[in-house]
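Visitor: The lines below spell out each chain.
2 protein chains.
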Amino acid sequence: MNYKSLGIIITSVITSGICFAQTSPTAVVEDFKISETTQQGKQYPQVNSEGRVRVQLAAPEALKVQLDIGAVKYDLIKDAKGVWTGESAPQDEGFHYYQLNIDGAAVPDPGSMYYYGASRWGSGIEVPAKDEEFYALKNVQHGDVREHIYFSKTNNAMRRCFIYTPPGYNKDTKRYPVLYLQHGGGENETGWSSQGHANLILDNLIAEGKANPFIIVMDNGTWTPPTQSAPVSAADRAKGNWPPKGWADGFSKTLLDDIIPLIDANYRTIANQSNRAMAGLSMGGMQTRVITLANPSMFSQVGMFSGGSISLDDLKDSVSFKEKNKLLFVSYGSRELENRKEGLGGDPKVNTENLKKAGFNTHFYVSPQTAHEWQSWRRSLHEFAQLVFKN
Amino acid sequence: MNYKSLGIIITSVITSGICFAQTSPTAVVEDFKISETTQQGKQYPQVNSEGRVRVQLAAPEALKVQLDIGAVKYDLIKDAKGVWTGESAPQDEGFHYYQLNIDGAAVPDPGSMYYYGASRWGSGIEVPAKDEEFYALKNVQHGDVREHIYFSKTNNAMRRCFIYTPPGYNKDTKRYPVLYLQHGGGENETGWSSQGHANLILDNLIAEGKANPFIIVMDNGTWTPPTQSAPVSAADRAKGNWPPKGWADGFSKTLLDDIIPLIDANYRTIANQSNRAMAGLSMGGMQTRVITLANPSMFSQVGMFSGGSISLDDLKDSVSFKEKNKLLFVSYGSRELENRKEGLGGDPKVNTENLKKAGFNTHFYVSPQTAHEWQSWRRSLHEFAQLVFKN
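These protein sequences, in sequence, are chains Y and U.
All residue numbers for the first sequence refer to the UniProt record's numbering, where the first residue is 1 and numbers rise by one.
All residue numbers for the second sequence refer to the UniProt record's numbering, where the first residue is 1 and numbers rise by one.
FYI, nobody ran anything at the bench for these hints, they're computed from the structure.
From a predicted model like this one, the values you see are computed outputs, not experimental measurements.
The beta carbon of each residue, even a glycine, is placed where N, CA and C say it ideally should be.
Mixed in with the good hints, there may be bad ones.
[Stated by the list, open to error] Chain U side only, calculated, beta carbon under 7 Å to chain Y, not exhaustive:
1) Val28
2) Gln39
3) Ala59
4) Glu61
5) Val107
6) Asp144
7) Glu147
Can you build the whole structure from these sequences, using the hints too?
Guide: Below, the structure written as structure tokens:
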């Protein structure tokens, strides 16, 4: 999870589930099914209708095997053949990183597919959601996701980004608006089109006529926080003392000097402010906030998913932002709001309402029953994509 | 490795190395470096100048941890802190699948990147090669690799392929020849652009002016062998009794009825026989052999990498093949030829020479000091790409 690298403390939403799992094992509903993130041909991991994750591993000589998910470790039970099985408490709908622990070794589950997050390639699991249709793989027209390798002068290094071009792009000669869409801390440029399903979300919305087609650029905005002698306090965060001033300058320069010119030169973009948006999740939302506030002539439409908000105070240093901004979208998972009262530039709902009163086109969205996790961000993109490039 | 699913027995080339490792541990050269396939931020796996792979894992309560590579398991040694370390015998240059074994559990190494092969997503390791420059990531113009999702009528299912478009494709309006390039058994559509580096091989060749730019289409040709009551004998294979007749019909139909029309409709291809090639490795080479022999009016240029060859006898049923074929490329790793005398339609070198005498444009290539493994296939593509679409 990306909050670790940002020094934000979020009370685990799983805590209440632990006691339940340990005191009432008989309550487990036996309708487990192979997950869509289980490797083809493997029988585990599985998920049941409660959202419990069940794993199984042959480890005949192991002394202890655990499932480590949602910051909780669940003991597995060994059968006579040396096969270990066990399940977690119910997890939120959507996608979660996890791992196994075998006699003290933290390793990926050999049954799962692998994803980049929590600062490592490792296991991920999909818990079916009631609204999963919006990111399901369907027989509609699909856009391409392209891996594009380039040299960055700013970084003096080879880099890559992923670029979604909408259905039709390969055949027509039209030009399209562009959304620059950023991942969170501990994640990378693969996240949005892998566990995020950004391409499927857009394909489905475009097929239903609910979104105007646009290009999405997903690059790597990784920022390594400076080493702290002590944890960052809530008071420091509320005062805006964290992250440190200038923290987003590195990626901002790469984006403005390398990535945007590269995309405008190589893809059929409408290369102007009206048709350029930036959005991101968590750290990527915070980068979006800093970069779009500082560059109102570059971006007209802004999305921050679990990544703070913009207050009237923030606009003191960016007088042209109001005049040039066409869309400001702020979202959170409902459990995030329950568990956190300050930080990230103040109450996001109040901030967003104040900006609406001041004449901004703002939208505040809350993802039901989700925390600082991918289901919140998939839903946020789904909402944002229906608003962006329509004004 | 894909030979398993094809029932071909190849004597392990690693065998001689085991004794060396176990009897002379002091001979290990201590110049290990982090591999390019090690996850960013991780310290292991590492590889030394001999090609030994060293892994390290914290597993304080484990009783036994092993490195499993090249069909050999190497015991690791535990230090006072519960950290296990150990290395393999020297491996061939290039890419290898591997895994760890912790108290009887076969799991991916949490330090490595993950690849699809040996019928699972799991660990892979890159052993630096003397000729690695040809597939290195360099500051040259790069093509895109696109993930393309489509509906297949033949399979009545959603499928995906990866498509390499050469540098320049995004900006120019030219049309390009197409190579359909297939993976081996137990692998999938991700192999050639991931561990195979097909895109980098082409980018580098095009930058040097050694290959004409072309599109590469990489789809999933997985064939599941029917269950055998007994292992397939060498005699059966020599007689052409394995794989069973019709084994490639499924993928052939998908390729001809779905994939080729899809590509010609959506990409700027030169949609004719002269500008259409097919190649593949191992099972993919065998599919190439069967499909191009049966469809000489579709493909003019053919590459089989460790996947058999074509004899004069094979042409009895394909009279127009000679008249229509412009290039026939056959390759093997040198260790494969040392270890196998028959099978796959006879001696590939003799077959290929006989066809040259009969007037074909044939090429026979042997990859030095490699076996049935990716380094043979990277080199084969590097050779093939310099010959194809030049006649």
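Visitor: Are the hints correct? Go through all of them and say.
Guide: Checked hints:
no., hint, verdict
1, Val28, "violated (24 Å)"
2, Gln39, "holds (6 Å)"
3, Ala59, "holds (3 Å)"
4, Glu61, "holds (4 Å)"
5, Val107, "holds (5 Å)"
6, Asp144, "holds (4 Å)"
7, Glu147, "holds (5 Å)"
Hint compliance for this structure: hint 1 alone is broken.
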